[in-house]
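Residue numbers (numbering that gives the first Met the number 0), protein chains in the order written: chain A, 0 to 630; chain B, 0 to 342.
It should be emphasised that the hints constitute simulated quantities derived from the structure, not laboratory data. All C-beta atoms, glycine included, are put in the ideal place defined by N, C-alpha and C. Careful, some of the hints might be misleading.
[Claimed, not checked] Straight line, CA to CA, 25 angstroms or less: simulated DSS-like cross-link-like pairs of lysine-lysine:
id, chain 1, residue 1, chain 2, residue 2
1, B, 246, A, 382
2, A, 148, A, 67
3, A, 382, A, 405
4, A, 558, A, 591
5, A, 591, B, 168
6, B, 273, A, 591
7, B, 231, A, 591
8, A, 405, B, 257
9, A, 558, A, 452
10, A, 382, A, 456
11, A, 558, B, 191
12, B, 176, A, 405
13, A, 591, B, 246
14, B, 82, B, 143
15, A, 452, A, 405
16, B, 257, A, 382
17, A, 558, B, 273
18, A, 148, A, 405
19, A, 591, B, 176
20, A, 406, B, 246
21, B, 61, B, 168
[Unchecked claim] Residues of chain B placed beyond 12 angstroms of chain A at every Cβ, according to the derived structure:
id, residue
22, 261
23, 280
24, 342
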Amino acid sequence: MNSDIFVWPFNLGLYFILIYSVVRSTIWFRNLSRADKLRLQRGFFGMPFMQSIREIFMESLLHRRIFKKNPVLGYMHMSLAFGWFLLIVFGTIEADFFGERHLNPPSHAIFFRWFNPEHGASGLAAIYGHWMDFLLIFILSGLLLAVVKRFIPGMMGMKKTTRHTWSDRIALISLWLIFPSRLLAESFTCGAHGNGGFLTGNLGAALASFLPAADIAPYFWWLYSLSLGTFFFLLPVTRYFHIPVELLLIFMRNSGITTADRWSAYTEVQTHACSSCGICISVCQMSRAAGINDMQSVYFVKGLRNERDIAAITANCLMCGRCDEVCPVGIELGPLRLIERRQGEREVTKLKFFDRYGLMRRREHIEREPTQSYSYLTPEEEKPADVLFFAGCMTHLTPSVIAAMKKIMDSAGVRYRFMDEQGGVCCGRPLMLAGRDREARELINHNSDIIWKSGAKTLVTSCPICYKVFRESYYLEAEVMHHSEFINLLIEEGSLRPGYLHRRVVYHDPCDLGRGSGIYDEPRAVISYVAELQPVPEERSMSLCCGGSLGNLTLSSGKRSLIAADAARILTQSDPDEVITSCPLCKKTFAKATETRVSDIAELVAAALPKPVRKTRGRASLAAVKTVADG
Amino acid sequence: MKEKRKHVIVAGGGVAGMEAAGSLAEMGIRVTLVEKGEDPGGHLLQWHALFPGRRPAEEVRKYLRKRIAHENINVITRTTVEKVRHHGHEIIADLSGGTEERADALIVATGFDLFDAHRKEEYGYGIYDNVITSADLEEMFNGKRVVRADGSVPSRIGFIHCVGSRDEKVNNNHCSKVCCVTAVKQAIEVRKLLPESEVFCFYMDMRMFGPYYEELYRESQEVHNVNYMRGKVSEASVNINNRLVIKVEDTLAGRPLKMELDLMVLMVGMEMSKPGARLAEASGLNTGINRFLESADQHYGTNRSGVAGIFYAGTCTAPMNITDTISHSRSAVEETVRYLGGR
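If we strip away everything but chain A, and leave its shape as in the complex, we get (with noise of 0.2 angstroms):
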């Protein structure tokens, strides 16, 4: 009766997770660059080895990212993390102090009511007894809490919950099991032994008053073995394999490992890492105005994990960045996906099992050709300038925006040139977002030619995707500036002076400038000048899409209407006079959205400017463009 057989499902996954987890460790290691290997192993000696560990306390256990977005999924998540980790850490303290000798194997401490049934009658034993059982009831409660958001997600503040496989399912089931069969497990043992803590005590007394506690209790313990045994088996198959690796991935990401602009074993930890809690669900504005459930990064990052075909999900995105920012676990998924765009198609279809869940996966890309070569443009001719006005494609088509920043940069004094009056060539940008980086660079390297050549000390531009592109993949001397900040300076040393508008406004932040750029001060110090700036519900990291976005490949109109309009329903809100953005693509889509009068902030500023024009305040800008050549 007393056999020990049935640890071993347990022993038996146990030793199988270490030793998979040992060994893919090894193999990313292995394929990681040079120049990562060597972060990593500095990391190990440093300061971010014991940031790693804090950060691994705080997030890992603690949960304290998805404590602050909602309290109850919070606790939810630290019951069961933080919960298992203490019983683990106790239960080992327990059975190496209470049991027979030091140093037992695992089992002896997870199974340690069983071995030792005579065990905590009395004295500090029987209190720690009490601790123990304390724990598994907070594990329990985590329990519910996860049983509850599984059928009504609502309750946790969650929209929408993942859509999982049926490995996920099979784990999610022994996981569930394993905590009350323990308790169950336990309770028949103290039950038949008359002893055990408050909770398994109690239980194990009333369950033995009417049922065979003795006879009942092993098949618990089978129970308790079998679906710790099950869960470990299928760790590396499922969501959960998140939890070691997301070890591995905090201490990459604290030791300065980047995700770059390609697949590497950085990023396959990153997809490895991801919990598929669905939080990225639930902030998703396709999923909240459009209806469109399947389309998320955590079936981006699944479908990336278990090599599914995902083309449809890569390119059906907006790219506005709203995930990357709630993320519990930090994924970059924004350029995650981008990064699968511009790998092109591959061949995913007919991949047997070990193809799809081995340790050895190989991405195989079919290489594309360009599709298109820029060849036909010419070298343009010098024209050197000071400060360079680009208005990009989008605000060409927002004429209204290009009339605005004249007048304010005449009104200012500045000494520019227009380089795209007569049409220009396109940024780039859009090319890069649909993942077609070698075509975007002849763009790139043509713009950079002109700018070059003009000598130009400022780059000013007015669409928020020209900057992005300019400022990071652009190799220049000039700085570049959006126009709201390139305002903001004017007003600030004092060449412009717009009057004050009676006008109560809201300010819209556009992905690229926002989230994308970090530009949040600026066009709300030139707002707030000259007018009445009133605050929205979700603005400056959290802003919204307006849905207009070059990012996603695949929208239709009618969708991108849905999530235009709800955007613009939460904007106006508090009824303002006025929607202020700072992006041609995002008035453009507002406009239609809304009754409410949208303008771009250079439009906003124009307003306020004295109507006579005065045109000869030339050298107090220059100055400017000085400082900020300068600084």
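Given the structure of chain A, go ahead and fit chain B onto it with the hints provided.
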């Protein structure tokens, strides 16, 4: 016992509403014609001449005015029908003034709104001086003077087709049907008024669907030297001489080109009218993805709403020309009378 005289409300006093009211009145039915403007007449009030024969619009206006000058017709102006309700067999229309009107049936003839050209900001309507709409040009024809904002005579005029029609970006996938032939008509008129000028039409397709439209199109090329270029204008700007510069792709020649214009005419399309949309929303009438009213059957029931006692006439169901509007309106009357008789 003498049967009570039937009463029908006609919502909208444009071409469809006036024709419907006239036909009903002729049959001895009492009509209340509800018009939102100062006078009945609708969009036709602004029009100078009509395609394909370029007859004066006044001739059709005169016909319609005569049509509603009937003792059975009561015209209420500056009013809209906001909602239609049923009370047994009776129809109750809530009017914008807060009053209500009771009747046996109601014909929706709320017509269309012209697409607001400000919504295609890239064409610069309201931003550049010399960008006008086809309706603005018609007003100029009324004054017999086609000039630029500064009073000068334009030497090159461009007509931009499909502004607000067949354009996913403004949520209008539908074709407004009449703008192509309107452009042909207006191009000829401009050429006749300004014989020295050059006229270009930028089109996606030339949809000459009615009798003598194709002939008019041919005439415009052979007699009046109107130039047609297949390609959609992407954007417009103004150069230092205050001339408009448009970017367009000549899709027949397969090359992008830029052209300077003195005057640009936007051929604005048709959209469901705002009062019509409000009425549909409030009364639970079905609308299609093009936002026009959706008839009970596309082929043999375009006047039927699917709701007892409510019928549709004219462009509240789809873009159509005056000829088709009048026919559609008469068939709406036929449906209405059959409904009233069957009760």
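Comparing the hints with the structure gives:
1. B:246 with A:382: holds (24 angstroms)
2. A:148 with A:67: holds (18 angstroms)
3. A:382 with A:405: With a Cα-Cα distance of about 19 angstroms, the restraint between residue 382 of chain A and residue 405 of chain A holds, given a limit of 25 angstroms.
4. A:558 with A:591: holds (14 angstroms)
5. A:591 with B:168: Holds: residue 591 of chain A and residue 168 of chain B sit about 9 angstroms apart, inside 25 angstroms.
6. B:273 with A:591: Distance of about 15 angstroms is within 25 angstroms: holds.
7. B:231 with A:591: Holds - the C-alpha atoms of residue 591 of chain A and residue 231 of chain B are around 21 angstroms apart, at most 25 angstroms.
8. A:405 with B:257: Roughly 22 angstroms separates the two Cα atoms, so the pair holds.
9. A:558 with A:452: Distance ~43 angstroms between residue 558 of chain A and residue 452 of chain A Cα, so the pair is violated.
10. A:382 with A:456: holds (13 angstroms)
11. A:558 with B:191: Distance of about 46 angstroms is beyond 25 angstroms: violated.
12. B:176 with A:405: violated (39 angstroms)
13. A:591 with B:246: holds (23 angstroms)
14. B:82 with B:143: violated (41 angstroms)
15. A:452 with A:405: holds (23 angstroms)
16. B:257 with A:382: holds (22 angstroms)
17. A:558 with B:273: The hint holds at about 22 angstroms.
18. A:148 with A:405: Violated, at about 55 angstroms.
19. A:591 with B:176: holds (23 angstroms)
20. A:406 with B:246: holds (24 angstroms)
21. B:61 with B:168: Given pair residue 61 of chain B, residue 168 of chain B is violated - Cα atoms ~39 angstroms apart, limit 25 angstroms.
22. 261: holds (17 angstroms)
23. 280: holds (15 angstroms)
24. 342: Given that every Cβ of chain A is farther than 12 angstroms from that of residue 342 of chain B, nearest at about 41 angstroms, it holds.
Checked against the numbered hints given earlier, the structure breaks hints 9, 11, 12, 14, 18 and 21 and satisfies all the rest.
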